[in-house]
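Novice: The lines below spell out each chain.
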Amino acid sequence: MQPKLAIGNLFLGSKIASKITPNSKKSAFLQAGPICLFLLALAAILSFTANLWVAQDPGYQDLISRLKPPFTKVGELNYYFGTDQLGRDVFSRLIHGGKISFAVGLITATLAMIIGGALGLIAAYFRGWQEAVILRVVDIQTAFPFLIVAIAIVSIVGSGLTTIITTLVIWLWTPFARLAHAKALIVKESEFYKAAISSGRSGFGLVSQHIVPNVVGSMMVVWTFIVAQTIIAESSMSYLGLGVPLSTPTWGSMLSEGRNYLENAWWIAVFPAFAIMLTVFCVNVFGDWLSDRIDPQTKKI
Amino acid sequence: MIRILGSRLLQLILVVIGIGTLLFFLVRVSGDPALAIAGSDATAENIASIRQSLGLDRSILEQYLTFLQNLCTLNFGESYTYLLPAMPLILAALPNTLYLSFVAFLLAIAIAVPAGIYAAVKRNSFSGKAVMSFSMLGQSIPPFVIGIFLILVFSVWLRWLPSFGNEAGLSIIMPSVALSAVLMARYTRLIRAYFLEELNRGYVRTGKSLGFTNARIWFKHILRNISVPMLSLIGIDLGKFVGGAVIVEAVFAWPGIGSLMINAVKARDYPLLEAGVFAIAVMVVLLNLIVDLLYLYIDPRIRAKVN
Amino acid sequence: MPQNNQTPIVEVSNLDVFFNTTQGQLHAIRSTSWSVSQGETLVILGESGAGKSVSVHAVSGLLPSTAKISGSIKFDGEQILGSDEESLRKLRAEKIGVIFQDPLAALDPCFKVGAQIAEIFTVHRGMSKKDAWDEAIKLLDSVQIPDPERRVNQFSHQLSGGQRQRVVIAMAIALSPTLLIADEPTTALDASVQVAVLELIKKLRNERKMAIVLITHNIGVAASIADRIAVMYGGRIVEIGDAKEVLQSPRHPYTQALLASMPKIGSSATERLVTITGTPPSLATIPGGCSFHTRCSRVIAKCSEVVPEIELNRSGSLHSFACHNPEGAN
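Protein chains in written order, with numbering that gives the first Met the number 0: chain A, 0 to 300; chain B, 0 to 306; chain C, 0 to 329.
The reader is advised that the hints may include incorrect statements.
To give an idea of the chain B side of the interface with chain A (calculated C-beta under 10 Å), a few residues [what the hints assert, rightly or not]:
no., residue
1, Ile140
2, Val241
3, Gly275
It should be emphasised that the hints constitute simulated quantities derived from the structure, not laboratory data. Every value quoted in this text rests on a predicted model; they were computed, and no experiment measured them. Beta carbons are placed, not taken as given, at the ideal position from N, Cα and C, and that holds for glycine.
Could you put together the complete structure from these sequences and hints?
Specialist: Structure follows, in structure tokens:
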């Protein structure tokens, strides 16, 4: 590889790395962003390993013990967060429910990033009709309240994990495409990109070596915000009964069930409400911190 | 001007046809609608006659063409649940949704503008930073979660406000607060960011040198200048806003299009669903058009280019 | 020309300006003193970064809040340093007019130019909208903008650079201020327009008897309009006096070098341009002692240690400079 290009790539790599390394002034780990990331990772791990450590079965119904308030003890069983209208342990359902939120959030955002990013890069690299079509679709989709379409699709096709994820990916690929396209166009104007072209590089190698490193950082920031949006979207749809099948506990469905019991059993709704709120908040705080370091402009999108 | 109208019209047509087609094929693909209407204990003859009355026994192409034709005349058939024409039902519920959305939007702007300016001007003080933290929190709580908390506090504990439907005048308060919260938070942060950028501009210095008060510079000049980028962002937000309205209507049983559509979903009432989606698509495109025209009015530079 | 028996409009004594920056405190302006009287034009001359704008805007209170000012600033005989924001604002409204360098940035792109001028009258004079707009048209006429009735309804982006600057000038003189501050008023304009704008400023000065403080790095501009010139370098005034004297017989080595470096019409093409070795210091890196000593051709040992004092008379044409080793000294 010619020295100029090697330097170009080294420069890019170190630029990204140096952007993520924390300020030397404050301790790296005591800032809000990393703390939130840590908490999220902890919550996710606890959720995914729920089967290993949560005492109660989330689906076990004990109608005698229904609507018990938090910190009730029934015989040997500890109902930390109380029980719901069917006698199920709220705490256990909460932890298990986290699985869906985190899984859908992470998978959807990652798929959306890959697909959206690829389409954005295609639009920027080829220009021409590819760009025209892709950008048009992005425009139309962005303006439209996709939640409505998502509701319609899921209601017609039926609920299920794959349906939800597919629908959400179709909804959320657009910000990635737009960002990738915009950033790629900037790279194409730069000196070392033009140098690479003039030395005969083209196609996949060119894109992956020169364009992708410049785009990745901002994509990560948007990825974080999209995870937040996905968690909100998934819980909204579960609230409406359109999420995954009702046998699996999800925060949204718990909220919807709890809505009717706010008078006498507030805990059924309040705990999942806090769960959703705190999770999304942590994701947003982390995303904010990340964007301050990598690309403050993305906050405006 | 004509170009903008034309472009929006094209967008409207594309959106409507696209979504309509999507729904058309999804409905046919995911199972027999006649079965859904007839119920599980219907005889074969019942099903067949229902199928015939819905026109489902003709070829797909024929059905699609009929569908497009009906689209042009706004004929969405009869709602399965109400046994009345679907589109008029939707249109009857539309004013309630517009009322809710409008109030929520005004609330969001009314709070975000002073809050954003305050956060910008007092950015180094504790209260300025507190505003920013609050808005970060606000942006993280989905509207239906806020709704639940509001109901808990104001309906259940304090018994001040009704939590269902639109019976009383006070009913509008909680749904609109829930709906506006996310937007309010987002705009507070954006206004602060744009405001800070504008503070460095030349005309601010000119205003000071002319002895104008800070209030005049901020609220007349800077606000006018930031309303241009804000407007374009508002346009993008409209879509999400409408989605939020649907969920809030579900939480509060607010009698608007959203509630109607949620019930249609649960009852597999496809005509009503399609009519609702169509109505919302048209509404959003029209709102975007209004935003475009406002843009034209507010920024004289764009007006000059257009003329 | 100055009227000798009056108190000067602005009297600055021992002005120091400090800026609080993340790298510590920056001593930007060091002990400068100058004054300007009614009808008089003082030009502050110097290269970029010499502190010209900072020292002048300290008078109008337009410095950022990170600035700390000490010394004495008297306006119309009254001490204004340390006044509260409200009094300074009133001063800026009624008594001081400012022209900035970039006319496009100085105007609000969302409002018609007429509206911006009219605003001055509706706010400060309580005029009705109609009266204010009429005044605006009259003002545009007085700054020599042709077809003012049409122009008044246009936006800043529809005007040429020279016209925009005229609008800015109109706004600055709208309420007949006693002091006009012009901060590089012609720098951003095309050469052909610069002369016209300068002539306009002169005409307005003569009509309204304003005191003018004009900041520039352009010796030609200074020569054209100045009654007195103050030469600044490295945050200090190094020479100050009657314009003719400073330009024809400069005493400070910096002034001499500055004037010598100006290309002269009629000089042959093969003559080398005279330059001053080195580059002007940023306000953060001013050398100790005399700020110019590192580039001075007449430097002696004392220059790097002791700041040379300037001898000033209040107003009047006495020519003063600050140098340990001026030409012809013993």
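Novice: With reference to the structure, classify each hint as holding or not holding.
Specialist: The hints, checked one at a time:
1. Ile140: Constraint on Ile140(B) satisfied, holds at 5 Å.
2. Val241: 4 Å, holds
3. Gly275: Holds - the Cβ of Gly275(B) comes within 10 Å of chain A, reaching about 8 Å at its closest.
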